[in-house]
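Number of protein chains: 2
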Amino acid sequence: MRVRTYVGPSDPTGLHRVLDERVVLPQAAERLDTRRELWPDEVRIRVERLNLDAASFRQLERTHDGPDGVRRAVLDIVAARGKMQNPETGSGGMLVGTVEEVGPDSPLGLEVGDRVATLVSLTLTPLVIEDGLAGWDGRSEQVPCDGYAVLFGRSIAARIPDDLRADLSLAVMDVCGAPALTRRVVESYDAPRVVVIGGAGKSGSLSLAAARDAGATTVGVVPTEAEAALLREADLADEVVVSDARDPIALRDAVGKAADVTVVCVDVPGCEGGAILSTAPGGTVVFFSMATSFSAAALGAEGLAADVTMLVGNGYVPGHAAYALSLLRAHQGVRDLFLRRLA
Amino acid sequence: MRVRTYVGPSDPTGLHRVLDERVVLPQAAERLDTRRELWPDEVRIRVERLNLDAASFRQLERTHDGPDGVRRAVLDIVAARGKMQNPETGSGGMLVGTVEEVGPDSPLGLEVGDRVATLVSLTLTPLVIEDGLAGWDGRSEQVPCDGYAVLFGRSIAARIPDDLRADLSLAVMDVCGAPALTRRVVESYDAPRVVVIGGAGKSGSLSLAAARDAGATTVGVVPTEAEAALLREADLADEVVVSDARDPIALRDAVGKAADVTVVCVDVPGCEGGAILSTAPGGTVVFFSMATSFSAAALGAEGLAADVTMLVGNGYVPGHAAYALSLLRAHQGVRDLFLRRLA
Chain A
55 MRVRTYVGPS
65 DPTGLHRVLD
75 ERVVLPQAAE
85 RLDTRRELWP
95 DEVRIRVERL
105 NLDAASFRQL
115 ERTHDGPDGV
125 RRAVLDIVAA
135 RGKMQNPETG
145 SGGMLVGTVE
155 EVGPDSPLGL
165 EVGDRVATLV
175 SLTLTPLVIE
185 DGLAGWDGRS
195 EQVPCDGYAV
205 LFGRSIAARI
215 PDDLRADLSL
225 AVMDVCGAPA
235 LTRRVVESYD
245 APRVVVIGGA
255 GKSGSLSLAA
265 ARDAGATTVG
275 VVPTEAEAAL
285 LREADLADEV
295 VVSDARDPIA
305 LRDAVGKAAD
315 VTVVCVDVPG
325 CEGGAILSTA
335 PGGTVVFFSM
345 ATSFSAAALG
355 AEGLAADVTM
365 LVGNGYVPGH
375 AAYALSLLRA
385 HQGVRDLFLR
395 RLA
Chain B
55 MRVRTYVGPS
65 DPTGLHRVLD
75 ERVVLPQAAE
85 RLDTRRELWP
95 DEVRIRVERL
105 NLDAASFRQL
115 ERTHDGPDGV
125 RRAVLDIVAA
135 RGKMQNPETG
145 SGGMLVGTVE
155 EVGPDSPLGL
165 EVGDRVATLV
175 SLTLTPLVIE
185 DGLAGWDGRS
195 EQVPCDGYAV
205 LFGRSIAARI
215 PDDLRADLSL
225 AVMDVCGAPA
235 LTRRVVESYD
245 APRVVVIGGA
255 GKSGSLSLAA
265 ARDAGATTVG
275 VVPTEAEAAL
285 LREADLADEV
295 VVSDARDPIA
305 LRDAVGKAAD
315 VTVVCVDVPG
325 CEGGAILSTA
335 PGGTVVFFSM
345 ATSFSAAALG
355 AEGLAADVTM
365 LVGNGYVPGH
375 AAYALSLLRA
385 HQGVRDLFLR
395 RLA
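Chains as they are written, first to last, in my numbering: chain A, 55 to 397; chain B, 55 to 397.
Be aware that a few hints might be false.
[What the hints assert, rightly or not] Here's a subset of chain A near chain B, in silico, CB distances under 7 Å, partners left out:
no. : residue
1   : Q81
2   : E84
3   : P141
4   : S145
5   : S242
6   : Y243
7   : M344
8   : A352
9   : L358
10  : D361
11  : Y370
12  : L396
In short, the hints are calculated from the structure, not lab data.
Cβ coordinates follow ideal geometry from the N, Cα and C atoms, glycine included.
Please put together the full structure from these sequences, using the hints given.
Quick look at the structure:
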């Protein structure tokens, strides 16, 4: 790797801070330029906490000797790469901090002093740790941290509201793309039947609330009677169905009348066939689960001669964080399910 | 595995012919029931030729001793599983034959004597080989074969037209989902700019023709100057662009004005970021490439704050085979590109 001194204009994707010899996007880069000075469309954040990706933290715990070893590993990664991206898992996390400086051409609408969470991954965010992580015990993925991070023109950050617990806001923001995209899809149908697989989970409960607010009949699918009881209590679904979503025929039969929109929110592999079979011709399946297999979805629909539209759940929809927080405020049932998970 | 004797009614997915103890769809089954007698919604085909999936055939060639070993392997697989599904690659292929019997409740619209190609995979099609593959030299994925196969209520088969070479028709049918879905997406925009990555390929050239017929401005992206010359000659694209689609920034810059619809038709990994970056906010990316990574698409769009709709390319759209054949007839340029590939 040759270190470049880049003197050109900024690129909204952050390309100007990539130090690799080959031109790659910041997420794919080996190393980012962490200079403090901002390009005109950038924003600098004073970091207060890193939330490491859970899979990344577990990998670090397994391969390093005790909490001090884990702390050392995180410091080494960030020093070497200019970003927190675990080389083994490829994943990062998010951060919380306060806006320190806003470039004159930044399109993000942030102001100095705003307390924000970044909704783009740490894997593409230039980061400098200045306190040696002295305040972190190395035992949890919540990492108190003093330092700074840089947002690009096309980054996303959301203000943390004053009226909600910070951990609650962050948990909502983590999955905020799901209800926003669900709402958009639901609104393209007339009084649709919407089936949410994993309806008692975080993205699932928010998606049920979004669908109901948009006038849909809502069906929540959960794997156990215990989750069914919780979801009934939350009052977000007109019907609550217990089924193993990995069994296509069982799911189809449990759902009964086929859905106009099926939203897959459970992070287990093998739910593609059931979601497709539970959806009516002309309907839409939205896959939010990162366990979704592209080929299983494509070949599954073809093999079933299923005329359904299948969407890759995009985690970004304009206004998604504010919308998800508004759902949390409006639906006691969503709040209850989230608080239970945070407890 | 316990062999069941299923006596219930048929299921349009073919579930009634699955012999596995666990209830799975025919594609996931270890073994299918190949009885000659039809359930009322089924169709039996007299097989004339199998077209093995290319990846499957190469795997068989690598691991078996000579053409006789390959032939033996195919016979063993079909005898053991009741379908041609390579246990290593998981893939099958398609078949050509003549309709031998049509159940009274079949919804497929076929008649005895119709010469058809099946557009569902061999991985889910009950198949019996009756000639020991005596007419096959074991050296190509084109397998002359006498035997029978069964189609379910939800299967798809297309009549092979009399006015076209059979190999040409089959090559078109193999990718016929792409132009049909492209057309549907293009028609949801007003005079859109449509970028087809891999525009000189089979699904790519058909997608360009579909987009042009729907009133789009068409841009074809190809990897080399040689392909660019072929695509210019075919006169399907208003602009022809040479770029490596795996380099997101290069692709974005080569495409110039962002697309309303981007169609990914190249079977190489790593094209997700470039496709997303080349698409305007509010636009749609259709992924037909089986090399697409679900997580790369989902995380890529989120990391770029890209408000684009991303579709999993569904190989089934009603009427897709007839539509693709009509494009081939209407566009000399599409015919030229296909015939060149078959030569």
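How the hints compare with the structure:
1. Q81: 5 Å, holds
2. E84: Interface hint status for A/E84: violated (16 Å vs cutoff 7 Å).
3. P141: 17 Å, violated
4. S145: 9 Å, violated
5. S242: 10 Å, violated
6. Y243: 14 Å, violated
7. M344: 6 Å, holds
8. A352: 5 Å, holds
9. L358: 6 Å, holds
10. D361: 6 Å, holds
11. Y370: With a minimum Cβ separation of about 5 Å from chain B (threshold 7 Å), the hint on A/Y370 holds.
12. L396: 23 Å, violated
Of the hints listed earlier, those the structure fails to meet are numbers 2, 3, 4, 5, 6 and 12, in rising order.
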